[in-house]
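Q: Residues per chain are reported as follows:
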Amino acid sequence: MLRYTIHRLLLTIPVLVGISVVVFLIMALIPGDPATAILGAFATLENATKLRAELGLDRPLIEQYFTWAGNLLSGDFGRSYALNRPVLDELLERMWPTILLAGSAMCVCVILGLISGLLAAVKQYTWVDQGLTLFTLIGISAPSFWLGLMAVSLFTVQLGWLPASGMYTPYGDESLGDLLVHLLMPAITLGLVASSVIARLTRTSMLEQLRQDYVRTARAKGERETAVVIKHAFRNALVGLIPVLGLQAGFVLGGAVYIETVFQWPGIGRMLVNAISTRDILLVQGGVMMVATIYVFFNLLADLIQHALDPRIQQSHG
Amino acid sequence: MVLLSFLLLSFGLTIQAATPKDVLVVAQIAEPKSMDPATVTAVNDFRILMNVYDGLVRYRSGTLEVEPGLAESWTISDDGKAYTFSLRQGIKFHDGSPFNAEAVKFNFDRMLVKDHPYAETGPFPLSFFFSAIKETTVVDEHTVRFRMDDPYAPLLSNLAYPTGLIISPEAVKKHGKDVGRNPAGTGPYQFREWKSNQHVILDQNGGYWDGQAGLRSVVFRPITDANTRVAEMLSGGIDMMVEVPPDNVATFSSNSSYALHEQAGPHLWFLILNLKEGPLQDKRVRQALNYAINKQALVENVLQNTATVASGPTPAAFSWAYNDALQPYPYDPAKARELVKAAGAEGATLTFYVTEGGSGMLDPVPMGTAIQADLKAIGLNVKIETYEWNTFLGKVNPGLEGKADMAEMAWMTNDPDTLPFLALRTSAWPDQGGFNSGYYSNPQVDELLEQARVSTSQTVRAALYKEMQRIVHDDAPWVFVANWKQNAVTGSNVQNFRLEPSFLLLLHKVSKN
Numbered sequence: 001m002l003r004y005t006i007h008r009l010l011l012t013i014p015v016l017v018g019i020s021v022v023v024f025l026i027m028a029l030i031p032g033d034p035a036t037a038i039l040g041a042f043a044t045l046e047n048a049t050k051l052r053a054e055l056g057l058d059r060p061l062i063e064q065y066f067t068w069a070g071n072l073l074s075g076d077f078g079r080s081y082a083l084n085r086p087v088l089d090e091l092l093e094r095m096w097p098t099i100l101l102a103g104s105a106m107c108v109c110v111i112l113g114l115i116s117g118l119l120a121a122v123k124q125y126t127w128v129d130q131g132l133t134l135f136t137l138i139g140i141s142a143p144s145f146w147l148g149l150m151a152v153s154l155f156t157v158q159l160g161w162l163p164a165s166g167m168y169t170p171y172g173d174e175s176l177g178d179l180l181v182h183l184l185m186p187a188i189t190l191g192l193v194a195s196s197v198i199a200r201l202t203r204t205s206m207l208e209q210l211r212q213d214y215v216r217t218a219r220a221k222g223e224r225e226t227a228v229v230i231k232h233a234f235r236n237a238l239v240g241l242i243p244v245l246g247l248q249a250g251f252v253l254g255g256a257v258y259i260e261t262v263f264q265w266p267g268i269g270r271m272l273v274n275a276i277s278t279r280d281i282l283l284v285q286g287g288v289m290m291v292a293t294i295y296v297f298f299n300l301l302a303d304l305i306q307h308a309l310d311p312r313i314q315q316s317h318g
Numbered sequence: 001m002v003l004l005s006f007l008l009l010s011f012g013l014t015i016q017a018a019t020p021k022d023v024l025v026v027a028q029i030a031e032p033k034s035m036d037p038a039t040v041t042a043v044n045d046f047r048i049l050m051n052v053y054d055g056l057v058r059y060r061s062g063t064l065e066v067e068p069g070l071a072e073s074w075t076i077s078d079d080g081k082a083y084t085f086s087l088r089q090g091i092k093f094h095d096g097s098p099f100n101a102e103a104v105k106f107n108f109d110r111m112l113v114k115d116h117p118y119a120e121t122g123p124f125p126l127s128f129f130f131s132a133i134k135e136t137t138v139v140d141e142h143t144v145r146f147r148m149d150d151p152y153a154p155l156l157s158n159l160a161y162p163t164g165l166i167i168s169p170e171a172v173k174k175h176g177k178d179v180g181r182n183p184a185g186t187g188p189y190q191f192r193e194w195k196s197n198q199h200v201i202l203d204q205n206g207g208y209w210d211g212q213a214g215l216r217s218v219v220f221r222p223i224t225d226a227n228t229r230v231a232e233m234l235s236g237g238i239d240m241m242v243e244v245p246p247d248n249v250a251t252f253s254s255n256s257s258y259a260l261h262e263q264a265g266p267h268l269w270f271l272i273l274n275l276k277e278g279p280l281q282d283k284r285v286r287q288a289l290n291y292a293i294n295k296q297a298l299v300e301n302v303l304q305n306t307a308t309v310a311s312g313p314t315p316a317a318f319s320w321a322y323n324d325a326l327q328p329y330p331y332d333p334a335k336a337r338e339l340v341k342a343a344g345a346e347g348a349t350l351t352f353y354v355t356e357g358g359s360g361m362l363d364p365v366p367m368g369t370a371i372q373a374d375l376k377a378i379g380l381n382v383k384i385e386t387y388e389w390n391t392f393l394g395k396v397n398p399g400l401e402g403k404a405d406m407a408e409m410a411w412m413t414n415d416p417d418t419l420p421f422l423a424l425r426t427s428a429w430p431d432q433g434g435f436n437s438g439y440y441s442n443p444q445v446d447e448l449l450e451q452a453r454v455s456t457s458q459t460v461r462a463a464l465y466k467e468m469q470r471i472v473h474d475d476a477p478w479v480f481v482a483n484w485k486q487n488a489v490t491g492s493n494v495q496n497f498r499l500e501p502s503f504l505l506l507l508h509k510v511s512k513n
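In the order they appear, the protein sequences are chains A and B. Residue numbers for the first sequence follow the numbering used here, beginning at 1 and rising by one. Residue numbers for the second sequence follow the numbering used here, beginning at 1 and rising by one.
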């Protein structure tokens with residue numbers, strides 16, 4: 001297990017290097033000039049050229065890349081042009097809201113997805129199954145930002161139950177309750193879409209397990225149906241689902257970009273959207289690197305858990 | 001959905017508190033960039049800064065005329081080349097350091113003196129507002145003098161602009177580049193907290209020289225999504241929002257729980273025309289464009305009356321310098337067709353730069369397509385190229401030559417000098433560091449603008465600007481389209497609020513009941 005873990009950890013290095021190259025190139029090659037973005041509408045040719053030189057943007061790309069990557073390794077993410085503050089400060093401030101939102105959405109996703117998938121499989125072809133199928137189909141097809149807008153119009157504007165935006169009530173006490181109230185709508189909206197995929201897969205995977213011989217054996221031995229479903233079938237179905245959960249974590253992180261914008265959640269997703277529009281290159285690069293690292297970490301974690309749960313995989317890796 | 005509703009019901013009753021008493025929550029359209037007044041350019045940032053800082057002078061409420069601020073009085077030397085300001089005494093910055101002539105000198109030297117020890121806290125994109133100042137001298141502790149090589153009439157109104165706000169030198173020295181996140185001014189409110197993309201909180205400055213502010217605190221929340229901003233306003237999560245989307249204006253104006261505020265400002269939305277090449281070199285075609293575009297329809301239908309039709313290069317908000325004898329070009333497609341025909345430009349194809357959005361650009365894409373349709377009707381084909389704002393600026397500011405025949409543009413300015421001086425003079429062509437991206441050149445206009453700039457008499461300046469407007473109106477280097485009426489919505493419990501023609505948000509006297 002230790003060898004496998006180290007092996008997997010080492011594999012993430014080329015992945016992250018690859019990501020850094022791609023992110024760097026994309027930001028360097030898209031049109032739009034950070035100097036103009038900083039100077040605003042009053043950017044004269046002369047001032048923009050001067051500022052570009054100050055920012056080092058006139059140097060060869062390859063040199064810029066190595067300077068940036070080298071600084072990154074020593075923990076220096078540079079300074080955001082648009083916000084005029086260190087990128088790392090901004091990222092650290094933004095990371096926790098995103099992790100909180102994505103984490104809650106994952107909880108929603110896992111709980112709703114597994115339970116409804118399980119129910120649908122056990123009650124196959126009944127109205128429960130059909131209802132859940134319809135529901136998950138809507139969940140898969142509806143864009144999360146649209147769901148978000150609908151939720152705001154219903155629960156904020158019409159009913160006045162939930163705040164439409166932000167993480168805390170401004171000037172409030174920043175209590176846990178306040179946070180939960182603000183978290184509810186974005187987390188559920190974000191988790192709902194991801195949970196639909198999990199529900200569909202859980203259903204299929206459960207149905208497959210329920211038809212296996214060991215299930216029949218367990219039932220024949222006279223075990224209670226709940227125990228058969230939960231202890232035997234569900235546990236085995238879960239092993240196949242864990243890598244998908246890892247992927248869904250990535251999906252949720254990606255969806256957070258829209259959801260953070262709709263609900264004005266102060267996370268990395270929204271920061272990236274703003275940073276891209278202001279051509280804040282270092283902030284975008286730093287932000288994407290951080291999100292990518294979190295994503296790679298989730299996948300690694302999913303692999304390791306699956307590895308620990310499934311003896312067959314352990315054997316094949318020694 | 002049942003589960004969702006259940007979850008929500010269980011929370012339902014305790015939620016949705018109104019905003020706290022004595023605290024005004026203002027929704028902004030974007031996250032501020034910085035709270036260092038010398039480094040920012042966006043009205044969005046200025047709206048916060050005006051409440052934290054004071055300038056030597058300020059605009060008298062409801063006007064664009066200057067009145068004393070941190071300076072009690074001033075004298076202008078007879079040759080117009082030296083301005084001496086007597087400063088108010090006993091004023092302290094929010095960080096406790098004293099406000100005096102040294103502090104004023106520090107502020108201007110930081111922007112203007114290249115080897116100033118704190119020059120690297122820049123860049124200072126609007127420092128050219130003060131580039132006429134050659135030297136700032138401390139006469140005594142409470143007197144400061146600006147010297148210039150030539151008279152420079154817009155100096156006072158530029159000092160009232162947010163770029164002229166005075167920041168505490170001690171704060172700059174202490175925080176360096178990070179001072180934008182740790183601001184200290186002398187204004188009615190002082191900085192308390194800035195959480196990225198959540199809020200900026202200002203608290204009342206107890207010892208404010210011009211009388212205590214009306215609120216305990218002000219919270220500025222960036223809510224970039226217009227729908228969310230409107231939803232928050234409707235649900236009572238915020239007390240004030242600026243830049244109401246045209247589609248939502250009616251919602252608020254017809255509901256007595258809200259007050260809708262409108263105010264015409266010094267804003268011009270226009271088309272820059274390329275005079276260097278192509279069919280628009282011919283004045284008749286340029287005038288034809290002005291006749292062909294149905295500005296009234298643009299203002300009424302696309303902008304839903306959030307703007308008025310522009311008559312010339314100077315907005316009516318500059319009342320003293322505005323030539324009210326000039327009328328907007330009327331909508332007259334027949335005349336336009338005639339002019340195009342006379343110039344032999346029928347069937348020409350024009351490349352038109354349109355932006356997706358940007359500071360003061362209102363609704364640029366629908367406006368661009370409406371203009372395209374109007375020009376099609378008089379026999380001109382328009383090819384639209386759309387760009388994101390920063391890319392757009394990167395293409396337009398260096399000049400349209402070889403790229404496009406026309407481009408959308410909008411300016412908000414503080415002095416009638418600024419826009420024509422930076423965008424209509426011959427020596428403001430892009431290769432000379434100006435914003436005359438359409439290469440307009442008229443020696444008469446150049447002369448009038450130079451004279452207006454060095455004249456210290458407002459009457460003389462007014463006459464010069466009015467004559468300039470007449471010539472530019474006739475030469476039609478631009479299509480003059482619209483002057484934006486800024487708007488804001490407040491809850492009906494917000495007292496003493498008014499929008500300023502300067503587009504700035506002054507909350508000193510505002511209170512809530």
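FYI, nobody ran anything at the bench for these hints, they're computed from the structure. Hints are supplied without guarantee of correctness; some may be wrong.
Some chain B residues flagged as far from chain A (calculated, every beta-carbon gap over 10 Å) [unchecked claim]:
#: 1; residue: E31
#: 2; residue: P68
#: 3; residue: G80
#: 4; residue: V219
#: 5; residue: D225
#: 6; residue: T228
#: 7; residue: G237
#: 8; residue: D332
#: 9; residue: K509
Under the rule of at most 16 Å between Cα atoms (straight-line distance), these lysine to aspartate or glutamate pairs were calculated in the EDC-like manner [said to hold, decoys possible]:
#: 10; chain 1: A; residue 1: K50; chain 2: B; residue 2: D431
#: 11; chain 1: B; residue 1: K134; chain 2: B; residue 2: E120
#: 12; chain 1: B; residue 1: K195; chain 2: A; residue 2: D310
#: 13; chain 1: B; residue 1: K276; chain 2: B; residue 2: D475
Stretch by stretch, here's where chain B covers chain A in the computed footprint (C-beta under 8 Å, at least three residues) [what the hints assert, rightly or not]:
#: 14; segment: 26 to 39
#: 15; segment: 100 to 108
#: 16; segment: 228 to 240
#: 17; segment: 255 to 268
In this text, a Cβ means the ideal position worked out from N, Cα and C, and glycines have one as well.
Q: Hint by hint, say whether it matches the structure.
A: Cross-check of the supplied hints:
no. : hint              : in the structure
1   : E31               : violated, 6 Å
2   : P68               : holds, 28 Å
3   : G80               : holds, 26 Å
4   : V219              : violated, 4 Å
5   : D225              : violated, 6 Å
6   : T228              : violated, 5 Å
7   : G237              : violated, 6 Å
8   : D332              : holds, 32 Å
9   : K509              : holds, 21 Å
10  : A:K50 <-> B:D431  : holds, 14 Å
11  : B:K134 <-> B:E120 : violated, 20 Å
12  : B:K195 <-> A:D310 : violated, 45 Å
13  : B:K276 <-> B:D475 : holds, 14 Å
14  : 26 to 39          : holds (count 7)
15  : 100 to 108        : violated (count 0)
16  : 228 to 240        : violated (count 0)
17  : 255 to 268        : holds (count 5)
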